[in-house]
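From just these sequences and the hints, can you work out the full model?
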Amino acid sequence: MRPVLELDDVTVRHDGRTVLRIEHLVADERRIGVVGANGSGKSTLLRLLDGLVAPDTGRVRVAGLDPVRDGREVRRRVGFCFQDPADQIVMPVVADDIAFGLKNRGVPTAERDRRVAAVLARFGIEHLAGRAAATLSGGEKQMVALAAVLVVEPATVLFDEPTGTLDLARSLRFAQVLAGLDVQAVVATHDLDLLAGSTGHPVDRFDRVLVLDDGQIVADDAPGPALVAYRELAARTCAAQTPPLTSDRPPVEGRSSGRGTKQQVRPSSRASSLDVSPEPGEPCALGTEAR
Amino acid sequence: MTLLTDTQPRAGPLRAVPASAKLVTIVALGVLCAVSASGWVLGSVGLVGTLALVAARPVWRRLGSLVAWWAVALVVTVGLQLLTRDAATATTSVLRMVALCLPALAVMASTAPEELLDTVLRAARPLRRVGLRPDTLALTVALTIRFVPELVRQAETLRDAQRARGLRPAVLPVTVPLLVRCLDRSRTLAEAIVARSFFDRTAAIPLAGHDVAVPPSRPTGTAQEER
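So the protein sequences, as listed, match chains S and G. All the letters of the first sequence, read from the start, carry residue numbers 2 to 292 under the working numbering. All the letters of the second sequence, read from the start, carry residue numbers 165 to 391 under the working numbering.
Here chain G is said to cover these stretches of chain S; the calculated rule only asks that three of the stretch's residues, wherever they fall, bring their Cβ under 8 Å from a Cβ of chain G: (1) 47-53; (2) 75-82.
Straight-line distance between alpha carbons at most 20 Å, and here's what the computed SDA-like set of lysine to any residue pairs gives: (3) Lys104/S with Arg77/S; (4) Lys104/S with Thr300/G; (5) Lys104/S with Glu74/S; (6) Lys104/S with Arg115/S; (7) Lys104/S with Arg116/S; (8) Lys104/S with Leu301/G; (9) Lys104/S with Ala354/G; (10) Lys104/S with Leu307/G; (11) Lys104/S with Asp364/G; (12) Lys104/S with Pro155/S; (13) Lys104/S with Gly131/S; (14) Lys104/S with Val284/G; (15) Lys104/S with Glu278/G; (16) Lys104/S with Ile357/G; (17) Lys104/S with Ala119/S; (18) Lys104/S with Glu154/S; (19) Lys104/S with Thr304/G; (20) Lys104/S with Arg289/G; (21) Lys104/S with Ala302/G; (22) Lys104/S with Arg297/G; (23) Lys104/S with Ala276/G; (24) Lys104/S with Glu279/G; (25) Lys104/S with Pro298/G; (26) Lys104/S with Leu285/G; (27) Lys104/S with Val305/G; (28) Lys104/S with Ala288/G; (29) Lys104/S with Ala118/S; (30) Lys104/S with Arg73/S; (31) Lys104/S with Asp282/G; (32) Lys104/S with Asp299/G; (33) Lys104/S with Arg286/G; (34) Lys104/S with Thr283/G.
For the record, the hints were derived by calculation from the structure and aren't laboratory data. Using N, Cα and C, we set each Cβ at its ideal position, and we do this for glycine too.
Structure (structure tokens):
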């Protein structure tokens, strides 16, 4: 049975500003996506579920446990993959790092070695076991970080921007790996292809996508409609933020590259082939992949 | 500084020496360097460090890094001499630094990190009586070994960024953003250590109650999401 994630009347404040406000959320789906602009509260939501951030008000429960008060128990059930895998690899050598979580949970040495070897084989990274973590590529670090989380066999894994630092091939590989995981996954991402299941690989579909805006859930639906709502939200935000770009704006004084001669830099006209900014209030271009 | 960025030990005469013996030697040399101002003593320790480093790594493969270390020492000596107008003091200070660094590098180059950590863990057990946790001390050493190469890489990236913008690389404009990045990263790292149950074992940080276990790194992941 998958753990149930529950939030009731939760607010999180930082520096006097409310950064997350969720009235009610109950989720027990196998694949849950979280999208939203930078600063919309995605990372805070994940951190709440792992007890890394405490709510200022309200109630958070993971499988009926309070992630802060019952942190030890929650962390036995929940794994966290940080945005930059380099940040969560704490031991100098790969095999030691994968064993780190097991050691902390008091798993005996023989069992630890067996599970480390098994997870390395599962991800096809046995050859990295003795490597110094600092010498790994970004994609290798991602796989090592994921292996280190999964080796403790959590029921739920929270992914914060898992494909944010990966190239396309590595992102596709991540989608494949994710598809093969028999765990509940909550994925905060900007990678809409991943959520829409359009990475070109037979990935499993997300069951539910939450759209966050300014710390609040503004859409909560199946991936198709949720991503449409997110694209429309992004387009509105883009249009509202687009600065007026008209030819009567005063010229900007600029300096050419290091030679000391000043030149006048004029804003290009709307007719310029380089100018793709919309008119003020004009909706930004909408992608169509997930519509 | 390849010597700092490669933490995997290679085969060599020093590889077979137990880590505990090497650490005891390092401590003894450190004490010697701290109490002695003799150029002969410091120079001898520096020479021993150089030879140890050569023994730890084939010198023909690491010659560039070794020359770089001594070149940096020479530049710092000249700089200090210009500042203090005291050649003896400048030479002593730099010799002391080099004499301490080179043997330490030799130990790092000839010892597997896990062996080093186990030794630190064993050596630190008596400190439990005065309230220090050996696990935490060993983790500190592990993090140092783990992140020094990352810091070197970040410093190189910052230096490249300055060059790309037509600036001449300078110490301060690299140090300040590097420090800011380190602080930012240290928060995430602390969260990762908590998330990976380290403190659930050692109970070094109370997790009960509704206090935040570790200060949140960002209000809503602003910088991290933008990275």
